[in-house]
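Using the numbering used here, read the sequence shown as starting at 294 and increasing by one per residue.
Note that these hints are calculated values from the structure, not bench results.
Please note: incorrect hints may appear among the correct ones.
Computed list of lysine to aspartate or glutamate pairs in EDC-like fashion (alpha-carbon distance at most 16 angstroms, straight line) [claimed, not checked]:
no., residue 1, residue 2
1, 312, 361
2, 312, 333
3, 318, 361
4, 318, 306
5, 318, 352
The structure presented is a predicted model; accordingly, all values stated were derived computationally and were not measured.
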Amino acid sequence: MPRTVYCVKLQRELPGLEKPPFPGKLGQRIYEQISQQAYDMWPAQQVLIINHYGLNMADPEARKILREQMEEFFFGQNASMPEGWTPETAGSGSGGAPQRKGGGGAPRKK
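Generate coordinates for the entire structure from the input sequences, incorporating the hints supplied.
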């Protein structure tokens with residue numbers, strides 16, 4: 294049975310992470326106070342931050358900025374989800390642009 298935590302991001306009791314996501318105080322704090330479901334939201338936010346700020350992850354200063362943004366995402370004043378927010382259920386297909394049949398790229402020119 295997975296361990297549960299009171300998730301400060303989602304404001305409820307949920308299954309926690311199996312282990313700290315990385316060493317150090319922030320990793321331990323995330324392990325103790327963030328659910329797996331909330332942590333799974335981070336990769337999309339991380340990409341958004343990297344692209345928005347044009348961060349080069351080989352630069353130590355960029356990694357510091359990303360770590361600060363991570364802490365703000367999970368624990369900042371506006372970190373909790375809006376009232377009435379419900380998590381997307383797995384496989385619901387909601388979110389993002391409507392899906393078209395066929396997919397693929399632009400139509401071919403004849």
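Here is what the structure says about each hint:
no.: 1; hint: 312 / 361; result: 21 angstroms, violated
no.: 2; hint: 312 / 333; result: 14 angstroms, holds
no.: 3; hint: 318 / 361; result: 13 angstroms, holds
no.: 4; hint: 318 / 306; result: 22 angstroms, violated
no.: 5; hint: 318 / 352; result: 21 angstroms, violated
Checked against the numbered hints given earlier, the structure breaks hints 1, 4, 5 and satisfies all the rest.
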